Every structure is written in C-alpha cells, then in structure tokens.
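2 protein chains.
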Amino acid sequence: MPLVKYSTPTDLKEARFTGGLLARRQQIALDTTIPATMAKTIETGRLDAFRLTWRPGQPKKPHVFWDSDTAKVLEGMAGALALRPDPALEAEYDRWVDLIVSAQQPDGYLNTHFTAVEPEKRFANLHDWHELYCCGHLIEAAVAGYTLLGKRKLLDCLCRYADYLVSYFGPGKHRGWPGHEEIELALMKLYRVTGKEQYLELAQYFVNDRGTEPHFFIEEEQTQAGGSWHCTQNQTHAPVRRQFTAEGHAVRAMYLFAGAADVAGATDDQELLQACEAVFENVRTRRMYITGGLGSCFAGERFTTDYDLSNGAMMYAESCASIALVFFCQRMLNLTGEEKYADVLERTLFNGVLAGISLSGDRFFYTNYLEVDENLCCYNDGSPVRKEWFDCSCCPTNFARFLTQMQQYVFSVGDTELRLHLPVDVEIRHQFANGMVARLAVTGGYPYHGKVSIAVLEDGEYTLSLRLPGWCRNAVVEVNGERVYAGAGGKYLPLTRKWSKGDCLTLGLEMPGEFIRCNSKVTTNAGRVAVMRGPVVYCVESRGLSGEVRNFLVDTDRPPELAPAPEGLPSDAPALRLFGQLEQPDETEELYFVGRPRCAPCTALAIPYALWNNCGPTNMAVWLRTTGASA
Amino acid sequence: MPLVKYSTPTDLKEARFTGGLLARRQQIALDTTIPATMAKTIETGRLDAFRLTWRPGQPKKPHVFWDSDTAKVLEGMAGALALRPDPALEAEYDRWVDLIVSAQQPDGYLNTHFTAVEPEKRFANLHDWHELYCCGHLIEAAVAGYTLLGKRKLLDCLCRYADYLVSYFGPGKHRGWPGHEEIELALMKLYRVTGKEQYLELAQYFVNDRGTEPHFFIEEEQTQAGGSWHCTQNQTHAPVRRQFTAEGHAVRAMYLFAGAADVAGATDDQELLQACEAVFENVRTRRMYITGGLGSCFAGERFTTDYDLSNGAMMYAESCASIALVFFCQRMLNLTGEEKYADVLERTLFNGVLAGISLSGDRFFYTNYLEVDENLCCYNDGSPVRKEWFDCSCCPTNFARFLTQMQQYVFSVGDTELRLHLPVDVEIRHQFANGMVARLAVTGGYPYHGKVSIAVLEDGEYTLSLRLPGWCRNAVVEVNGERVYAGAGGKYLPLTRKWSKGDCLTLGLEMPGEFIRCNSKVTTNAGRVAVMRGPVVYCVESRGLSGEVRNFLVDTDRPPELAPAPEGLPSDAPALRLFGQLEQPDETEELYFVGRPRCAPCTALAIPYALWNNCGPTNMAVWLRTTGASA
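Chains A and B, in that order, are what the protein sequence lines are. To convert, note that position 460 of the first sequence is 460 in this note's numbering; the numbers rise steadily by one, no gaps. Adding 1000 to a residue's 1-based position in the second sequence gives its number in this note's numbering.
Derived by calculation from the structure, the hints in this document are not laboratory data. If a hint is listed, it holds; no wrong ones were tucked in.
Cβ-to-Cβ under 8 Å is the rule here; a few derived chain A residues that face chain B:
hint, residue
1, T285
2, A313
3, D373
4, C377
5, E514
6, N551
Note that the structure is a prediction, hence the values are computed from the model and not measured. The C-beta atom is built at its ideal place from N, Cα and C for all residues, glycine as well.
Build the full structure now, drawing on both the sequences and the hints.
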C-alpha cells in the first residue's frame, strides 16, 4: 500500500471560489495585497537588488533574506495571474523574472546578498544567513510560474541553481543544513514538476542528514557545542526522524516537517512519516493555540513546552507559522487521508491565518495575540496594530502567495475519488486519470453557515468523499433528498455513484455557537471559555462593550445567540451575542485590596477572531472569564 | 523643616532579635549562609582574584562583576561578627581584607578585572562593565566593617579609591555614569561615616548628571542613539529628577532611587525627593507583585508597563530587586515618616525577600515566580528550584549581607522619638542625643501573630511611636492595661510619656486570613484571589493537594481557617485551611473541547509564600481561582 494516498491537483484552476469568505479574501488579495506587496518590494530595494549593483556605502544593501520576499511576492503574482488575466501585471511579472534570472551566476548560483555584498561568504554560514531559505522560495516561485502560467524561464533558471546545489551538497560532497528550513519542500515541488530524481535526493539528504552527528552547525562553528537551545531552535537536536515533538522556531519546524512529509511520501519512508505524525500530534494536542497559532514565546519565535500557551504579551503565533501549519496539514492529509489533519487545517486557515491580514488587504500582523489589553506589555513589536510592512517582512509576502493559491486546500483526489475538505462556495472540475470528470458546484456560505449544497454539474462515476468535520456532533447528508448519513463528524463519508448532472447533495453541519474549554494543564485558560461556531473561533473586542473585555464574565448557562454582523464587518459573518456580567471598575487606585467587585448584567458581541481589529484599535480576548468558574 | 525626619542608628546592635521569624532566619544565615557563600567565593576564584595573578589562558578569569560578590559576602561576615563573635571567622575576615587591600593600585584604583585582565580598559565602558558597581559594594563592605566592627583598614583603602574617583569624575573632570547603579548609595554611606563632603558631591554628581544631555552612554558609544530600550533599561532616558515611573532593570532602578533618596535628604533637594516619591508610588500602585517582587519580564530583568504583572514563566521578581526595594523603602520612610513605606518594606521583606532563600540557608532563587506549573516554560533559569550559586551570583551574596543586618529595619529614631516599624521579637536599646535611653523588649511572634507585647526595660522620657500597619483594619493599643487607641491602621501612633521600667504596652493587630483581590487591570489575576494574613502572603503548593493547584477553586464565602504548620516548616508559622472545589482532570487528551469539568469538594492548606518549595519540588500558586468568579 503506497504511502501517498491522495494528491492535490497541480492545476489549481480545478477549483475556483464563487462566493463567501475565501472568495472575498482572495479578491482583496488580487485587488490590494498583490499590488501593495509588489510596491513595497520595489520601494525597499528588494527587487532592484537583483541588478547586483549595490556598492559599499550605498543604501538599500541587500539583506540575506530579501530574495525570499521578492520570490514570495512573485509567486503571489503568478497566483493572481492564474485567477485573473491582467496584461499589465503579466508584463511586470515577466520583468521581475528577467531581472531575477539576470542575477544568476555562470555556475547557477543565484543570491543577491552573496553576489553583490559578500561574494566571498557563499555558503559560509548556513546557520544564520538564510541562503538556502532564499533559494527555496525562488524555487517555489518558479514552480508556481510554471504550473499556473506555463512560464518556463524562471523554472529553468532555478533548475540550474538546484543543479548547482546538487553538485555542491550531499554525501561525498559538502555537508550542509539550512538554518531556516524551506529548501526541502521547495526541492520536492521542483522534483514533482520536473521528475528529476536528483532534487528528491537532495531534499532527502537535507532531511535525513539534519541533526545527525557530527553536528554540522558545530562543525560550521555557528553553534556552540552543547548549546541545546540553539539546536532545538532550528530542529537539529536530533535526526529529523527521531524528533517527536515540535521544537524551536515554529515556522522553521513546520516548513521542515512539511518537507519531511513530502520526502516520506515520495520515498515510502514509514519511519519518517511516523516522526511527522508524532510532531503533528504534539502540535495538535499540546502546543497549538485554539486559532491554529503556533509559538508561545516571542523570544526565539518558538515552541516552548507542552501546554504552555499563554495568550498575551509573551506569545508569538506568527502569521507565517500558521501558514506553515496549513502546508504541513495539507501534506499529512494527502499522505494519510485522516480527517484530523483537515480539522487543524481549517481551524488554522479560518482563524490563525486570516487574522494576520486586515480586511483592507494591506495591513499585517506578525504576532497574533489571543488577548490584547493596554496593560499588557507587547514585548516583540509594540502595539498590536497591523502594519504595512516589516524590516523582516516574511508575513506580508507570505500572504501574497498564500491567498492567491488557497483554492488548493478545497479538495484532493485519489484514483477515482474526490475528497472535499472544505465545503466552501466553490466550483470544482477534475478529470481523473481514467478520463472521468467530476464537476461540482458547492454553495452555502461555509464556514459561516452549515447548510451546504453540492450540485453535480456533469455526469461521471467516481467516489465523492465528503468531510464531516471533527467539530460537528450532528451531520446529516442527503443525496437527492434521501438521507444517507446522520451522526457525528470526524471522518470522510465516501459516496460512490454514477453521478448525473443535476444530482444534488446536501451536507447539514449543525453549527451552534458553543463554549469551548481548554485542557486545564494550560493554566492561563483555567476557568475560562472560548466561543466557537463550527470551525470559526470568536473573540470579544472591548470596542462596543460598556467596559473592558477583561471585566466581562460570560454566563455559560446561556448559549450564544446569533446576531447580525456589526457595521464594518462582512455581513455574511454572523456575530454571537453573549450574556453575562460586567465587573465594575475598582473605585480604589490600590493594586491589592480586600473586597468584592460589583457586577452588572451585560451582553457582549463576539465576532470571528479573524476579523478583529478591523474597526480601529481595541482590546480583545479569545478566552473569556465566566460568571462561575466551575459552572 | 529639614527633609530628613528620622534616621536608622548606625550601630545595628541597638536592636537584637530575640525569637521568631527574623531571629530564626538570621541564625540560619550565621550558621549556614555566611559559611556557604564564603566557600563559594573562595572556590570560584572570586577571592583569589585579588592576588592579581591571573594570566591569559588560566582558568578563573576575574569577571567584571566578581569583586561585588566578594564585597557582599565580606559585608555579611562583618554583620555576622557583630552578632556573634567568632575568632576563626574574624581571622578569615581580616585575611580577606588584607587580600583586597593588597590589590589596590598606587593611585587608589581597586578592581581585579581591570587590573589583572584588561588594565588598558579602565573606565572604558561604564555602561556594561560594572566597574563602579563593584566599587560601590566594596565601599559598603568597608563601611560595615568600620561601623559594625570598628575596623578601619578597608575603610581607609576605599576612601583612597573614592578619592581617586573624586579626582577622576565630575564637573570639569571626566563625565561618567555607572551602567549598573550602586555607587551612589555607597558613596552616601561613606559620606555619613567620614563626613567628607566630596563623597556627597560625587554621589550628587552621579545622580544629577545621569540622563542629562548630551547622553553620556551615546558619547561613550555603548548605546545606540535613539535606543530607548537601552536608555530606560539603566534609567538614563531622562534626568533622574524627571523620572516619575520605575523603568528598566529593577535592581538598578531601586539602587539608583535608594541613592537618590539619600542625596535628596542630605542636600534638602525637594525636587529630587518628589521624583523618588513618584517612582515609589508607581511601584506601589502599578508595578509591584503582591509579594514585593519587582520586574515583570525576565528579558532585561525589568519593569515593563503599569499593571503588567503576569505570574508565571515571563516574570522575574529577582531576589536582589526585592532586597533593593527594602533599601529604597527604608530611606523613604526615614525621609518622610509616612507609614506606607513601612507597609511596602514589610510586605517585601516577609514575602519577596525571604522566599529567595531556602530554610536551609544555602539555596537561592534568582527568580521568584508567583505561579509554578510543570506546564509553564521557565524562560530564564529552567526549573524553579533554589540553587546553591549562579555564574552571576548577586542574589546569594546579597542574602549574606542582608540577613545579617536586617535588624536595621526594626526601628528609626528622631530627636526624642523611637519609631517601631516592625514589632517583631526584639530587644532595643537606643540612647538619644539628650542622654535619655529607650530600652524595650518586644515579643509576640509578629508577623505570624498579631498580639504584640512591649515591655519597657529602663526609665526614660521620649516618644514611642507604634506603627499601626496599613493592612490592619482593627488595631488596639493599651498602655499598662489602659486602651489608648482602637481603630484602623495606616499610621504611627505617637505615645509621649515618662516611661518607667516595668511599663507594658500591648499592640493588638487583628490579623484574619483574608482573600485579596487585584486591580482588574492586571488581567492575569482577574477573577482570582490571593490569601494574606497580616503582612504575610500565602500560597498553595500542589504537594499535599489531592490534585494540582491549577485545578483548585477556592470558595471565598468560607474564610480561611488557621491550621498547624505542616511538617517540615517552622511551627510558629500558621497555615491556613482553604475550602473549595477541585476540578477533576479532563479525561480527554484533547486540548480544546466542549463540556464542563466536574468538581469535587476539596480543602487546601495555604502556607506562607516565603516558605514554599522547602519540602521538595512542587507546583505552586499565589493567585487562586475561585468557585465563582464574581462571587
């Protein structure tokens, strides 16, 4: 039985959003995020860095990670062009590609910093200098340009660079591990579109050599021997296949294990897959915020220990880490077919990822706090307001490429099976290897609404597997009015039929607003509840409350009631009215005192977490106090 | 009206503990802490550093802060000898002094690192290299040796060093600010015992020049211009007299303002005093843990923002910071006579300070967490277990000198007034300038017990001012059986009498176990209570509970009940029995779930916070969840 069970079609045009949340967010990306990040890439000198004309003393010195930003925006441009032809954008795309390709050295090497600034330091410090990370992002951009637009120029260029890496790194050649992983999953993409085994072998080398003895970073003298913090920080504390917990820098860890999952699948490496599964389970059950945010500590932007998930000033939950978790989930879902991966994927996508970008499409969070209060010091980036750009601008550029390609998470396919992961409003057309075509129109407004209709648009015989989400306790599936399933979620429901044009399926996912508790080992959430409806995590902003959210106590005996979205937020995203008490501000200025706070009845409007901070600065909380801690 | 209202007698032998908490802790210091820290000082090479024989390549290279550790232990040895003559210890004391003095350079300079290791870098980096900090601690040790033991050798030596500083720093000479303050309060001590104005003037210079423009640390090129974090970190973001909040490194801030208060008092500088008062109020009402711990963030060991007082992994509350707060309080109490300074002093002494050292006297906390759980990552120093020593061992050495001299906090005097701050078990003998003698025996077991007896042991006419603590809502004072006061605390009660031998006063301080709430702006404590009895903060250890303290919910409708101290803890320290519920551990391994935790009735034994972690490793919490958050 092959390790890889399902695959995501290479041609992302097989799914096209037709309305609702993801269509809206993608439209904003096309209209705003892509132009905004392109402008920043140009304005900051990141694009012109490829001219290689920087000289000492000049401004805009190419930074070691700049190429990755340019590559990610370029990948986003490819995604945008695939969704909506735009001659001006395409011309600009071609200009960027020409510029990038022009910077390639005769031996295939391609990096602005280590060509224009410190050419003598090529591959001298893999631990710190993001060289292979930049290469990985250029490869991803090249693969996107080829698969989405059919453009080969950048792909050929990056193949030459990859060939150079193949000639340089590996057994019998130079040892080397990237300090910031990314090259692994990129080489696997390159392998898949080119079929060239050497890219698979190099990815395999990077995954398999990492963390083995002798320790390359100690040999490279970038890490002190015994510096366990540094080793865990970049996942070199043990061979990758001996890593069973998520450690260190969250983005790096997820990029690594996404790449490792690719390698495991392509090489039928059961042992490596088991490590991936263990790391995922550690994330899912111990180290993941309810939003799919990852990284409990701003210092090191990293995982810490099991159940250490504080909500405020300390936390990180970098936007890129949630995006990376989606990558990892997608690969594991295809490898195993297990529904739990889709649960984490959609939790992360609808909450942790989308919170990172404003509704306007041009403001970004680096850190995604679950609690914001003016009395909490935000240690890493000052006030929690989305910003246009960052010196280290990985998050904005990640959104540029993520949002324009997120239709890839809607479904996967097997030989004669189409697995619908996200029943969002979408049109799907997939042709199986046997020639049979699945063509479907999904509507209903998921994830904000739970009544999904699936219209069959073309005759065909295949298995349509509907995901019944793990959060759903009561799912009902009907085919042409006939009930074929009623029960709990947490699985895929395979429906094998000769489907006819005009067939209609309905998927009813009961989706009440609910109070969610946290494992009490997470001390910070003890006695608190979060509010979810389906896969959507809610929060309460102080804005609109008659007091501060820190003083609001929700009465968990009164279920949340659906309410219209407040002004300024998309009207299809229902709010939830919560009932409870508001503690009255202390009249004393004392810090510590004897006495009981007075309370008054109060309602609060909870909104989807991904939409917070779109109507002006405000305090906010996901985990709410309750009127009775044990009630 | 002079700025300085009261003073602490120079001769600490005027008060002598006779029993109870402070006597016990001091006895442990004599028996264990002093020998243990002496041994470590020798073993680590800190003492032998004064031989100036270190050569490149050898181990035990004198570190820039080593001299301060040796000085603090030496100061502790002087304190110990004053309490209990010990010829062997005295010989060792003299040997240390000889060794230290032998390292003095012909020009008076005295520093092991910048003589033996980097002589060319003398005063080259005041920002980072602790040179003046080391000098300050040597001065403090010298003053203690002189005032407690009458030994002049080290004092004369440090006067020569101070004279050298006077010739080097100041207006028209070199500018300079210490990166780590300490020299200011030390020079003020030297000024007080020698009467030499130049030491006052140099202290005044260090306080008044600090933070003025042009910014010395920018001139010194140790701080980036505009690096506001660095400027606040060492209190150079504004002139000291324009600082009204407690910023940056907590120990540095408190040492600075202790010295600034000294300078304000000695120079009748009302403006400087107002800055000290503002900083103190900011600490007291916004930035102080309930234990008197200071510093909410391990990164920078620093103050953060108002009401940012998280309890666990993030916090610092360095033992030295609480010790420094006691220093600051003592000075402000003498300057102003206001009772609130004594409140913070005793809160800090009985809780934040004493928690930092084990009952065995040879184990120390650097960080004093208010919440410990195995699921919280302790970012700064790993597991929360007291340790014998640290590479940077400021805390253990601070205990060596603090514990042997803490009788200085018991009372202050005015012209004909004795103000009893801490009614602990103590014998006091003070002779006023007019020849009148106050001789008193205080008993009752304070702070663990609230019925204090004060026996007059000698005839005399003076004002005895009894402190009625701010935490006490019902204080009763009787003189020879006659009630002279009944009412709330928060003041001093002056009793002017011709006192006769055999007079007996009783001070009844009602001291119920109480639930304390925190200003709700401290989001982390919202809905939680702490338990105090008098000035003593309690905590609950998981050890002894049938579950984890994170799952214990206290019922605040049931007052704490006195209970015998648990085995292993001093029998005079009552425990408090709390009633409530214990949440049953989740049966699911899920991180997030729908459902309500089951509860079962449960009692918990709270013990004084200062005694926690003396019976083996355990989880612990000061701020407890409640059965009803709004009840």
